[in-house]
Amino acid sequence: MTTLAPTHPATKPARKNREVDTRPLLWPSIAVLFLWMIVPLAMTLYFSVIRYNLLSPDLTGFVGLENYAFLFDDPALWTSLWNTLVLVGSVLIITVVFGTLFAVLYNQEFPGRGVARLLVIAPFFVMPTVSALVWKNMMMHPVYGLIAWLQSLLGIQPTDWFSNYPMLAVIIIIAWQWVPFAFLILLTAIQSLDTEQKEAARIDGAGPLAMFFYITLPHLSRAISVVIMIETIFLLTIFAEIYVTTAGGPGTATTNLAWLIYSVGLLQFDVGYASAGGIIAVVLANIVAIFLVRTVSRNLQQA
Amino acid sequence: MSDSRQKLWLTILAWTIALLVFFPIFWMALTSFKTETEAISTPPSLFFVPTLDNFTEVFARSNYARFVWNSIAVSFGSTLLALAFAVPAAYAMAFFPTKRTPSILLWMLSTKMMPPVGVLIPIYLLFKNLSLLDTVTGLLIIYTLINLPIVVWMLYTYFKDVPGEILEAGRVDGAKPMQELFLLLIPLAVPGIASTGLLSVILSWNEAFWSLNLASSNGAPLTAFIASFSSPQGLFWAKLSAASLMAIAPILIVGWMSQRQLVSGLTFGAVK
Numbered sequence: 001m002t003t004l005a006p007t008h009p010a011t012k013p014a015r016k017n018r019e020v021d022t023r024p025l026l027w028p029s030i031a032v033l034f035l036w037m038i039v040p041l042a043m044t045l046y047f048s049v050i051r052y053n054l055l056s057p058d059l060t061g062f063v064g065l066e067n068y069a070f071l072f073d074d075p076a077l078w079t080s081l082w083n084t085l086v087l088v089g090s091v092l093i094i095t096v097v098f099g100t101l102f103a104v105l106y107n108q109e110f111p112g113r114g115v116a117r118l119l120v121i122a123p124f125f126v127m128p129t130v131s132a133l134v135w136k137n138m139m140m141h142p143v144y145g146l147i148a149w150l151q152s153l154l155g156i157q158p159t160d161w162f163s164n165y166p167m168l169a170v171i172i173i174i175a176w177q178w179v180p181f182a183f184l185i186l187l188t189a190i191q192s193l194d195t196e197q198k199e200a201a202r203i204d205g206a207g208p209l210a211m212f213f214y215i216t217l218p219h220l221s222r223a224i225s226v227v228i229m230i231e232t233i234f235l236l237t238i239f240a241e242i243y244v245t246t247a248g249g250p251g252t253a254t255t256n257l258a259w260l261i262y263s264v265g266l267l268q269f270d271v272g273y274a275s276a277g278g279i280i281a282v283v284l285a286n287i288v289a290i291f292l293v294r295t296v297s298r299n300l301q302q303a
Numbered sequence: 001m002s003d004s005r006q007k008l009w010l011t012i013l014a015w016t017i018a019l020l021v022f023f024p025i026f027w028m029a030l031t032s033f034k035t036e037t038e039a040i041s042t043p044p045s046l047f048f049v050p051t052l053d054n055f056t057e058v059f060a061r062s063n064y065a066r067f068v069w070n071s072i073a074v075s076f077g078s079t080l081l082a083l084a085f086a087v088p089a090a091y092a093m094a095f096f097p098t099k100r101t102p103s104i105l106l107w108m109l110s111t112k113m114m115p116p117v118g119v120l121i122p123i124y125l126l127f128k129n130l131s132l133l134d135t136v137t138g139l140l141i142i143y144t145l146i147n148l149p150i151v152v153w154m155l156y157t158y159f160k161d162v163p164g165e166i167l168e169a170g171r172v173d174g175a176k177p178m179q180e181l182f183l184l185l186i187p188l189a190v191p192g193i194a195s196t197g198l199l200s201v202i203l204s205w206n207e208a209f210w211s212l213n214l215a216s217s218n219g220a221p222l223t224a225f226i227a228s229f230s231s232p233q234g235l236f237w238a239k240l241s242a243a244s245l246m247a248i249a250p251i252l253i254v255g256w257m258s259q260r261q262l263v264s265g266l267t268f269g270a271v272k
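Protein chains in written order, with the numbering used here: chain X, 1 to 303; chain B, 1 to 272.
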């Protein structure tokens with residue numbers, strides 16, 4: 001950061017800035033993103049403090065924090081927050097554990113490794129509505145599903161997944177989509193592990209388990225934290241999988257925060273109430289985002 | 001030696017897992033060539049006479065072609081638009097960095113953190129008032145905005161790797177910034193721009209929050225069309241499979257080809 005080499009202008013990119021006005025190049029992107037971020041958010045905030053129901057248009061006016069008060073009194077909110085937590089937590093644990101194990105496994109040499117890797121990442125590229133419907137119909141259907149058929153072969157009563165274990169069913173579907181994501185990121189990270197370091201540890205007599213816990217896992221720690229944060233942001237508002245499988249039910253068994261807001265706002269048309277829920281979602285996401293931005297910015301400084 | 005036996009077990013384990021993970025996709029692909037009766041038969045039929053009827057019927061019965069077109073228009077349109085915004089911005093930040101550049105990049109990233117459901121209601125009402133509900137234009141605008149931060153980030157990382165001397169030489173020869181951008185940088189960075197575009201296309205193609213909420217028929221892409229099969233009436237698994245297979249196959253192939261670039265794009269360069 002010091003200016004030790006004034007005779008080499010090429011090594012001082014900052015000097016060039018004054019020669020070119022970059023504002024017309026940068027400004028359009030900043031402007032549209034700024035509008036995109038601020039206008040809807042301001043509207044959500046505004047709707048959340050007024051009485052606004054599309055079904056009763058004559059009821060209007062500022063209500064202060066009334067929507068929030070109703071929301072916090074509503075057991076549906078707490079159920080949905082709990083469901084969100086269960087969903088995000090389980091999927092995170094499953095994807096990180098399997099993602100790490102798969103990364104270690106598929107980093108080994110074996111015949112057809114390239115093709116096997118492609119098969120494992122494939123689910124991540126399948127659109128969520130297709131994944132959810134394939135699982136719901138062909139895998140988990142209590143009468144015609146493959147799992148039911150396997151169970152009947154073993155003489156077990158077939159499971160009606162979406163009636164009896166709806167949350168588990170949704171978690172399985174979402175984990176199937178996101179394990180490949182964790183795997184892809186962690187495989188990339190594991191490949192940058194220094195082979196000399198591994199070799200040295202092996203010569204020192206480290207067994208495979210010690211290698212994993214003392215060398216591989218510490219090396220992967222930052223990639224794992226990145227996986228956790230990015231997944232959390234997407235998983236906090238999982239929607240499509242619930243939309244095509246359970247529609248939040250039975251009852252409120254699979255209603256997460258995203259589904260609650262959708263059903264209150266766009267099915268019951270209570271805009272004010274739904275907006276208060278929206279603000280809660282924004283606050284939750286921002287807590288995660290702070291950590292992610294911090295990790296990425298550390299990386300930006302290293303570069 | 002036990003080494004070769006270990007390798008055999010490793011191979012078996014790795015392949016078993018890979019086939020199990022991939023199985024639902026394989027089964028869907030298989031089902032798309034069955035008749036509707038075969039699709040739901042128990043025990044499941046593994047050997048059958050493959051038929052292409054489902055594919056022809058999907059095209060004949062529904063407006064499948066329109067949904068395909070909508071998906072193509074929305075994902076490629078939004079990608080081109082995002083690139084048009086992002087290429088100049090990434091160029092400015094990569095080659096003329098200021099003290100504020102890192103903060104601008106981080107701020108762009110932070111817009112990506114906004115949960116869509118937090119702004120669903122106002123966007124829905126705005127779209128309703130502007131008659132953008134259920135239109136390709138509406139989704140195209142949203143997708144451009146949600147992918148713009150990732151596109152800027154990826155391009156920024158690629159542009160950083162372009163040797164500055166080449167642009168420097170052009171500048172000495174009197175190239176204006178616009179000429180420098182279009183005649184020097186873009187030709188040099190075509191591979192980077194292409195893989196950024198691919199990621200953006202993949203993400204838009206599979207996006208299923210806004211498409212389900214903002215489009216239902218005329219402007220609906222494939223994600224929303226497939227969701228319409230979720231109604232309990234009738235079991236059209238073979239047709240669902242045929243429609244799904246066509247919807248995912250192109251993106252699966254593109255995704256397989258560009259997995260490396262996807263990693264750095266999806267993690268904002270934190271994992272390379």
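Don't read these hints as lab results, they were simulated from the structure. Hints are not guaranteed to be accurate.
[Unchecked claim] Partial pick of chain X residues on the chain B-facing surface, computed with a CB cut under 10 angstroms:
#1 Met138
#2 Gly249
#3 Ile290
[Claimed, not checked] Calculated cross-link-like contacts (lysine to aspartate or glutamate; reagent style DMTMM-like; alpha-carbon spacing at most 20 angstroms):
#4 Lys7(B) with Asp21(X)
#5 Lys198(X) with Glu180(B)
#6 Lys176(B) with Glu109(X)
#7 Lys99(B) with Glu109(X)
#8 Lys176(B) with Glu165(B)
#9 Lys7(B) with Glu199(X)
#10 Lys160(B) with Asp134(B)
[What the hints assert, rightly or not] Output of the computed footprint for chain X on chain B, the stretches with three or more beta carbons under 8 angstroms from beta carbons of chain X:
#11 57–68
#12 120–134
We put the CB at the ideal spot given by N, CA and C, even for glycine.
Consistency of the hints with the structure:
{"no.": "1", "hint": "Met138", "in the structure": "holds, 6 angstroms"}
{"no.": "2", "hint": "Gly249", "in the structure": "violated, 13 angstroms"}
{"no.": "3", "hint": "Ile290", "in the structure": "holds, 9 angstroms"}
{"no.": "4", "hint": "Lys7(B) with Asp21(X)", "in the structure": "violated, 60 angstroms"}
{"no.": "5", "hint": "Lys198(X) with Glu180(B)", "in the structure": "violated, 46 angstroms"}
{"no.": "6", "hint": "Lys176(B) with Glu109(X)", "in the structure": "violated, 51 angstroms"}
{"no.": "7", "hint": "Lys99(B) with Glu109(X)", "in the structure": "violated, 46 angstroms"}
{"no.": "8", "hint": "Lys176(B) with Glu165(B)", "in the structure": "holds, 15 angstroms"}
{"no.": "9", "hint": "Lys7(B) with Glu199(X)", "in the structure": "holds, 19 angstroms"}
{"no.": "10", "hint": "Lys160(B) with Asp134(B)", "in the structure": "violated, 39 angstroms"}
{"no.": "11", "hint": "57–68", "in the structure": "violated (count 0)"}
{"no.": "12", "hint": "120–134", "in the structure": "holds (count 7)"}
In the structure shown, a violation is registered for the earlier hints numbered 2, 4, 5, 6, 7, 10 and 11, in ascending order.
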